[in-house]
Amino acid sequence: MTLPTFLSLPERSTKPRTVGLTHVLDKGMTPESAQSALATAARFIDVWKFGWGTAYIDTALPDKLAMLKDYGIHACLGGTLLEISWAQGKAQDCLDWAADVGFDTVEVSRGVAPMTLGDKHDLLRRAAAAFVVLSEVGNKDPEKVLTPEQWTAEVASDLTAGANWVITEGRESGTVGIYRADGSIREDVVAAAVLGGGIERVLFEAPRKDQQAWLIREFGCDVNLANIPADEVPALETLRLGLRADTCDLTRQWQPA
Amino acid sequence: MTLPTFLSLPERSTKPRTVGLTHVLDKGMTPESAQSALATAARFIDVWKFGWGTAYIDTALPDKLAMLKDYGIHACLGGTLLEISWAQGKAQDCLDWAADVGFDTVEVSRGVAPMTLGDKHDLLRRAAAAFVVLSEVGNKDPEKVLTPEQWTAEVASDLTAGANWVITEGRESGTVGIYRADGSIREDVVAAAVLGGGIERVLFEAPRKDQQAWLIREFGCDVNLANIPADEVPALETLRLGLRADTCDLTRQWQPA
Amino acid sequence: MTLPTFLSLPERSTKPRTVGLTHVLDKGMTPESAQSALATAARFIDVWKFGWGTAYIDTALPDKLAMLKDYGIHACLGGTLLEISWAQGKAQDCLDWAADVGFDTVEVSRGVAPMTLGDKHDLLRRAAAAFVVLSEVGNKDPEKVLTPEQWTAEVASDLTAGANWVITEGRESGTVGIYRADGSIREDVVAAAVLGGGIERVLFEAPRKDQQAWLIREFGCDVNLANIPADEVPALETLRLGLRADTCDLTRQWQPA
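Chains as they are written, first to last, in UniProt numbering: chain Y, 1 to 257; chain U, 1 to 257; chain F, 1 to 257.
Errors might be hidden in some of the hints.
Claimed, not checked - In silico lysine to aspartate or glutamate, EDC-like type, Cα no more than 20 Å apart, as pairs:
#: 1; chain 1: F; residue 1: K144; chain 2: U; residue 2: D210
#: 2; chain 1: F; residue 1: K209; chain 2: Y; residue 2: E143
#: 3; chain 1: U; residue 1: K144; chain 2: Y; residue 2: D246
#: 4; chain 1: F; residue 1: K209; chain 2: Y; residue 2: E11
#: 5; chain 1: Y; residue 1: K90; chain 2: F; residue 2: D249
#: 6; chain 1: F; residue 1: K144; chain 2: U; residue 2: D246
#: 7; chain 1: U; residue 1: K209; chain 2: F; residue 2: D246
#: 8; chain 1: U; residue 1: K209; chain 2: F; residue 2: E143
#: 9; chain 1: U; residue 1: K90; chain 2: Y; residue 2: D141
#: 10; chain 1: Y; residue 1: K209; chain 2: U; residue 2: D182
#: 11; chain 1: Y; residue 1: K209; chain 2: U; residue 2: E172
#: 12; chain 1: Y; residue 1: K209; chain 2: U; residue 2: D141
#: 13; chain 1: F; residue 1: K90; chain 2: U; residue 2: D100
#: 14; chain 1: F; residue 1: K144; chain 2: U; residue 2: D249
#: 15; chain 1: U; residue 1: K209; chain 2: F; residue 2: D182
#: 16; chain 1: Y; residue 1: K144; chain 2: F; residue 2: D246
#: 17; chain 1: F; residue 1: K90; chain 2: U; residue 2: E11
#: 18; chain 1: U; residue 1: K90; chain 2: Y; residue 2: E11
#: 19; chain 1: U; residue 1: K144; chain 2: Y; residue 2: D249
#: 20; chain 1: Y; residue 1: K90; chain 2: F; residue 2: E11
#: 21; chain 1: Y; residue 1: K144; chain 2: F; residue 2: D210
#: 22; chain 1: F; residue 1: K209; chain 2: Y; residue 2: D141
#: 23; chain 1: U; residue 1: K144; chain 2: Y; residue 2: D210
#: 24; chain 1: F; residue 1: K209; chain 2: F; residue 2: E232
#: 25; chain 1: Y; residue 1: K209; chain 2: U; residue 2: E187
#: 26; chain 1: U; residue 1: K144; chain 2: U; residue 2: D96
#: 27; chain 1: U; residue 1: K209; chain 2: F; residue 2: D141
Claimed, not checked - Residues of chain Y clear of chain F, computed beta-carbon distances all greater than 10 Å:
#: 28; residue: L7
#: 29; residue: P16
#: 30; residue: G72
#: 31; residue: R125
#: 32; residue: V132
It is worth saying that the hints were derived from the structure and are not from the lab. Treat the numbers as computed from the prediction; the structure is a model and nothing was measured. By construction, the Cβ of each residue, glycine as well, lies at the ideal position given by its N, Cα and C atoms.
Throw the hints in and build the complete structure from the sequences for me.
Here it is, written out as structure tokens:
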């Protein structure tokens, strides 16, 4: 089908993208649902994360990894699985298994395990030898809050240690890390993360529409957004393009008809 | 399969309906999911809205429109897309495209664009020449609240201008228009909308179960309800029929066993 | 596919289970979605409840019941449908129909109908003659709160009357019964239910992740959990196994690498 062209819309990057990434969070989709989502929306998806430890119990993993490869989408292992493996002294077993089964990308985080920044960077360097690496900054525990200065320093040092992009923690709920418990945005933390890595190297976890819209209004249609449910990718794309009320600035677009 | 008949249930309208409409909000479903939802629930669905600008980027649009035609369901273009088109001086291009691709219904709203009521009625009349028209009343911005008198007047004048039904704004979230920010119902606004159009011509956006249940208890099983996710249509139908705790009045139904 | 084995995880029961049950709430899934969910996650699912009265209007019911039988999963009729039938003097018609169409399990509750405990036990005994019975304790109306003593007594007497397991009310929303309106856990009620039936005979409705995680941390990976959406079963399994931040206690698991 030929898509319509009668509207003036923002310029949007196309695949393979280095900015404007959409990163999907898969909580355990069936292969049928994944196939259907990809057939519709693969051109909008750059990274597909198998959330936390879901990959470890997913008998359909090879099928899903094969689909992602066909569609030119990075298949990323969840950071929590690698943290748990590290805590059990099995980090290398985990990385070896991930490479064997077909992941090309891993997330390196210290959201739950008692890792020092040095431990994280050691793990990150090990991972970077074989994978595209997304590092994650921010704690999953709402009680453990990093200062803006800590955000800047950790984002910058993760990139120096070899991360390709840095993800800012938000979880599936959008209530920790760069967000307050009510989901509102900690603007100082967002600014601190951008200061540390530059807007093109930061991927914001943004599961909620109001969070996505705020980031798009603030940074433009090609902001990198993460933890998007696969079935909400088309809706996100309309937000990026100003085709939904939350991001269409009709005062500015207005031309006399 | 023969459905069971041992219960006494409220009389429910059947297709093609003029009251008791169920209006689905499609945020970008895959054609596979749409097909599956329709095979199960088409007899309960009267209008299928392609929310905001999702239709503009949907390569599966022709497939989905063909399915809806087969199932005797109105295919409705989202109001925000027409508003954006109008604001760019492209309203007629939008209507022409919608007709070409196979929509039979459009929504005419002024929820985001700076339209006067006169502008809206001009657009509505243009649309009514080629489409079934659902007009929408209410603002998407929670700060911009219409008085009940304004609700009554706009609903009535939209119908006079040619709308087939009037939709009351609630969004996907159910937190604006006829609802407060916490989702509770602005009963004065609901009454004002009904005063303006009559209960049979008003379609209430009601994405949340508590909102659906309230409207069904207030207006009966054949109240017109909008912005229902496709996969929640069977659950809504049980609410309409008094087959769920929220709407089954067992005090009244009680007969000695 | 061979699943990986490099991590130390808690011992988890396998099917056919008598503890560690996962009970799915089906709100009207299409047979295609059900088939896909079962192909992926049937080994994690023990009971599949057709919520409230959805079964009464579901033309795909025989297909879905056949699938569940193939996968060795109990097919359970929703308690509200039996309550409504009872209130209309049609309880036996309802049970006869359920047996004919292929249910092997029914839920017996008094969450909306004006039943005495004696009425409930009569109905429960009638149901137990032909079905596996899950009784439910707790009211769907947040205004009607049972005391902990009433919870203990009703759980215990339901088991004596013939229930195989007792479900504690939480609804699809997780905001009544064993939960407060904000979803937090009424720990005294949970303890009272366990006191009445023993942890192995109580099934906790726990639709929200924070509720599931709390129950798993409190009672271990083989706590019985109910009202899980089918597409969230794999995510729940990772919670049970300590493969998600909310339940992985890395302080305890830690071993020097």
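Hey, does Y:L7 actually stay past 10 Å from chain F on C-beta?
34 Å, holds
Below or equal to 20 Å on CA atoms is what counts here, so check Y:K209 against U:E187.
27 Å, violated
Are the Cα positions of Y:K144 and F:D246 separated by 20 Å at most?
14 Å, holds
Holds or violated: are the alpha carbons of Y:K209 and U:E172 at most 20 Å from each other?
The hint holds at about 11 Å.
Taking the closest pair, is the beta carbon of Y:P16 still more than 10 Å from chain F?
Consistent with the label, Y:P16 stays out of reach of chain F, its closest Cβ about 28 Å off (over 10 Å).
Is the straight-line distance between the alpha-carbon of U:K90 and that of Y:D141 20 Å or less?
Distance of about 49 Å is beyond 20 Å: violated.
For the pair we were handed, Y:K209 and U:D141, check the Cα-Cα distance against 20 Å.
15 Å, holds
Does Y:K90 pair with F:D249 here, judged by a C-alpha cut-off of 20 Å?
16 Å, holds
Please verify whether Y:K90 and F:E11 have alpha carbons no more than 20 Å apart.
Holds: Y:K90 and F:E11 sit about 19 Å apart, inside 20 Å.
U:K209 and F:E143 were given as a pair; does the straight-line alpha-carbon distance stay at or below 20 Å?
18 Å, holds
Y:V132: least C-beta distance to chain F exceeds 10 Å?
About 21 Å separates Y:V132 from the closest Cβ of chain F, which puts it past 10 Å; holds.
If you draw a straight line from the CA of U:K209 to the CA of F:D182, is it 20 Å or shorter?
Status holds; Cα separation ~17 Å.
Hints 4, 7, 9, 13, 25 and 26 from the list above are not met by this structure, while the remaining hints are.
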